[in-house]
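Chain order of the listed sequences is C and D. Take the first sequence: its position 85, counting from 1, is numbered 85 in the UniProt record's numbering, and each next residue is one higher. Take the second sequence: its position 371, counting from 1, is numbered 371 in the UniProt record's numbering, and each next residue is one higher.
I should point out that these hints are in silico values taken from the structure, not numbers from a laboratory. For every residue, glycine included, the Cβ atom is placed at its ideal position computed from N, Cα and C. Do not take every clue at face value.
Using C-beta positions, here's what the derived DEER-type ranges look like [claimed, not checked]:
| id | chain 1 | residue 1 | chain 2 | residue 2 | range |
| --- | --- | --- | --- | --- | --- |
| 1 | C | A111 | D | A397 | 34 to 42 Å |
| 2 | C | A111 | D | D431 | 31 to 39 Å |
| 3 | C | M60 | D | P573 | 36 to 44 Å |
| 4 | D | L453 | C | A111 | 22 to 30 Å |
| 5 | D | R197 | C | P58 | 19 to 27 Å |
| 6 | D | R454 | C | A103 | 19 to 27 Å |
| 7 | C | M60 | D | E333 | 16 to 24 Å |
| 8 | D | D323 | C | M60 | 42 to 50 Å |
| 9 | C | E64 | D | A512 | 33 to 41 Å |
Beyond 10 Å from chain D on every Cβ pair, some chain C residues (computed) [what the hints assert, rightly or not]:
| id | residue |
| --- | --- |
| 10 | P34 |
| 11 | A86 |
| 12 | T95 |
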Amino acid sequence: MAPSVLIVDDHPSFRSTARMLLELEGYTVLGEAPDGETAIAQARALRPDIVLLDVNLPDMDGFEVAARLSAIEQPPAVVLVSSREASEYGPLVGTSGARGFIAKADLSGAALEEVLAA
Amino acid sequence: MSSLRPALIGIGLLGLLLTAMAVAVQLTTDRGSITSRTVDAIVVSTVMAIYIGTGLFAWARRPHNLVGALLCATGFTFMLNSLTVSDTGWVFTLGSVLGSVFFIVFAQLVLTYPTGRAATAAERRLLAAGYGLAIGVPLAYALFSPDLEGHSAEEAPANLILLADLPWLADAIDVAGSLAGVAVIAGLLWLMVQRWREATSAARRLLTPILVCGGALIVLLGSVLIADLVVDDDSVLYAVLNLAALVPFLALPFVFLTGLLRSRWVQVAAVGDLLERLGGEERQQLGAVVAEALEDPSVTVAYWLDAEERFVDDDGRPVTLPDPDDPARAAVEVRHGDVLVGVIVHDRSLEEERDIVGAAANAAALAMENGRLEAELRARVEDLRESRARLVTEGMAERRRLERDLHDGAQQRLVSLSLQLGLARGAVDRDPGEARLLLDRAAGELDQALAELRELARGLHPAILTDRGLPAAIEVLAARSPTPVEVEEVAAERLPAPVEAAAYFVVSEALANLAKHAEAEHATVRVQRENGHAVVEVHDDGRGGADADGHGLRGLSDRVAALDGRLDVESPPGKGTTIRAEIPCASS
């Protein structure tokens with residue numbers, strides 16, 4: 001069965017492009033969220049396998065959302081994305097409870113698989 | 001003072017006359033031994049002379065202060081008390097009824113020192129009650145008792161206002177009056193303690209000797225009233241208390257006089273010293289020198305900056321003057337010639353020493369004029385320091401904004417573009433139609449990204465300004481403005497780059513503001529060269545009321561000030577807005 005994904009990003013153009021890309025690669029996109037609170041609510045309701053989570057969100061940053069998602073029942077695998085490089089965030093990615101990080105420009109099904117397999 | 005002098009002389013002569021009369025009454029009466037009458041004559045004349053004399057001196061010194069008048073009134077009313085020994089019926093009756101009034105006049109003097117004016121409604125009410133008792137009780141007693149207090153009917157002349165001989169009623173009035181008197185005395189003491197507790201430390205120095213002396217007398221007279229209830233008039237305790245009360249009563253004018261003279265002499269000397277020191281090397285601590293001269297450590301001096309119409313302290317920081325009805329602080333202007341150079345802010349209690357403060361202000365005027373020039377310089381430095389700090393903060397905020405704009409704008413579009421190109425590449429063979437669709441979307445993202453980058457770059461520094469100069473750059477701003485803008489004049493010659501940039505941003509910000517807020521129908525822009533300055537003026541016919549301290553205009557003002565220029569905003573409500581910047585062109 002195809003893994004299910006929730007896309008969290010405040011830029012609609014990225015959400016729609018990411019949805020198209022992931023769907024082409026065989027993922028099921030369950031929903032989209034523009035901010036942290038909506039993301040947490042959607043993750044509880046939709047129970048996705050993966051949450052693709054932007055670091056810069058208007059209400060709270062992706063690290064905090066990742067930490068809160070890791071505390072819900074049957075937590076999803078969180079993959080952080082950003083238009084910045086992972087190196088700009090230092091150890092934050094590792095300590096947030098997220099499974100890994102993908103630069104937005106490098107997003108692909110293969111990149112996602114690689115992070116989840118690690 | 002000139003119209004006051006004859007009046008005071010008249011009061012003095014009246015005092016002499018009444019003192020002589022009081023002595024005559026004492027010495028001509030048939031009652032009592034010659035020794036006791038002589039002693040009484042000495043006491044009454046001494047009290048009258050001291051109180052009236054001191055009162056006239058204080059009155060002349062400080063014509064607007066009621067203390068002098070109250071001292072005189074105490075002396076005059078004390079005379080009434082001595083009339084009770086008279087053999088003449090009406091004099092004796094008058095003395096018996098009004099003999100206690102001097103005490104409440106005295107209480108008013110102590111309670112309202114140093115102004116002579118009751119400060120609170122409680123003080124006014126209590127004093128009114130005191131006057132009512134001091135007159136009402138002896139009067140009521142005299143209406144119902146032939147035997148006026150303390151003087152047996154055999155010796156004393158007839159009570160001329162006796163209505164009916166009702167000893168039980170007279171006794172009741174006597175006891176009730178004494179009890180009410182004790183209550184008033186307790187109230188007076190309580191108000192005196194309140195007054196002392198609420199006084200500033202400088203005011204306490206002034207108040208303490210008077211309150212101690214007055215308080216002692218009030219306590220002793222209270223004891224006399226109580227003793228009157230429990231012991232006979234001719235008992236030793238009664239006599240001792242009466243005699244003891246005389247000590248603070250006689251001492252008070254001297255305490256008052258000593259304070260007056262001491263503060264005067266000490267402070268006149270201190271002001272002389274102040275003059276000398278200000279002529280010397282101690283200009284820096286002007287505030288401290290004046291504080292020492294006025295014996296008020298809370299003194300501060302503030303300098304008037306004419307151009308900026310505000311007061312600043314030694315360090316150039318703005319100073320707010322105390323409110324005219326501030327109970328603790330007051331300020332006196334310092335003028336050098338006709339020119340306001342500053343103020344001395346001091347403890348309110350020094351208002352009583354207005355002439356000394358005035359002398360200190362005169363002494364300090366020249367030094368303050370010099371200090372003012374220094375303070376003006378420091379204020380300028382302080383302003384520059386603040387505007388530099390604001391520029392740094394603004395710079396940081398600008399960088400954050402820039403990073404945010406790049407991140408949210410062009411960077412996101414380029415990320416999407418990259419992903420769409422990847423998708424299109426994957427779709428080329430599989431579905432050429434979808435690939436074309438994806439490439440169209442990518443081209444759209446690219447156009448948007450380019451437009452956002454162009455806008456951002458123009459905000460940093462407009463290329464047209466560097467390439468074509470101010471006239472072309474301002475024409476572009478005018479053309480982009482949604483409000484019609486007429487560019488009346490822009491000096492064609494090139495100005496130093498920072499001046500051109502500042503002028504450009506003044507116009508740019510002014511036009512952006514008027515488009516957002518002014519509801520204007522028309523605006524004009526001109527940039528002229530005047531006396532080595534670039535003068536930028538943007539005027540609109542909108543609703544006015546622009547906030548010169550608002551974020552945008554404040555930033556502009558700092559930008560202009562960094563080049564030693566100044567920005568003025570004139571924006572009366574309903575009458576349009578004129579923003580005018582004058583920027584020196586150093587390299588012209």
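Satisfaction of the hinted span 31 to 39 Å by the C-beta atoms belonging to A111(C) and D431(D): Check failed, 23 Å falls outside 31 to 39 Å.
So does R197(D) sit 19 to 27 Å from P58(C), Cβ to Cβ? Once the Cβ atoms are compared, 57 Å apart, the range 19 to 27 Å for P58(C) and R197(D) is violated.
Separation of T95(C) from chain D, once the least beta-carbon distance is taken, above 10 Å: 23 Å, holds
Cβ separation of R454(D) and A103(C), checked against the hinted range 19 to 27 Å: For A103(C) against R454(D), whose Cβ atoms are near 26 Å apart, the range 19 to 27 Å holds.
When you take the CB atoms of A111(C) and A397(D), is the distance between them in 34 to 42 Å? Distance hint for A111(C), A397(D) holds at roughly 36 Å.
Is the Cβ of P34(C) more than 10 Å away from each Cβ in chain D? 13 Å, holds
Can you let me know if the beta-carbon spacing of D323(D) and M60(C) is within 42 to 50 Å? About 48 Å separates the Cβ atoms of D323(D) and M60(C), which means 42 to 50 Å holds.
Consistency of beta-carbon spacing, P573(D) to M60(C), with hint 36 to 44 Å: For P573(D) against M60(C), whose Cβ atoms are near 43 Å apart, the range 36 to 44 Å holds.
Falls inside 16 to 24 Å, the C-beta gap from M60(C) to E333(D)? 58 Å, violated
Against chain D, does A86(C) keep a CB gap of more than 10 Å to every residue? Its Cβ never comes within 10 Å of chain D, the nearest being 15 Å, so this holds.
Could you check the hint for me, namely that L453(D) and A111(C) are 22 to 30 Å apart, CB to CB? For A111(C) against L453(D), whose Cβ atoms are near 27 Å apart, the range 22 to 30 Å holds.
Between the beta carbons of E64(C) and A512(D), is the distance compatible with 33 to 41 Å? 36 Å, holds
In summary, the numbered hints that this structure violates are 2, 5, 7.
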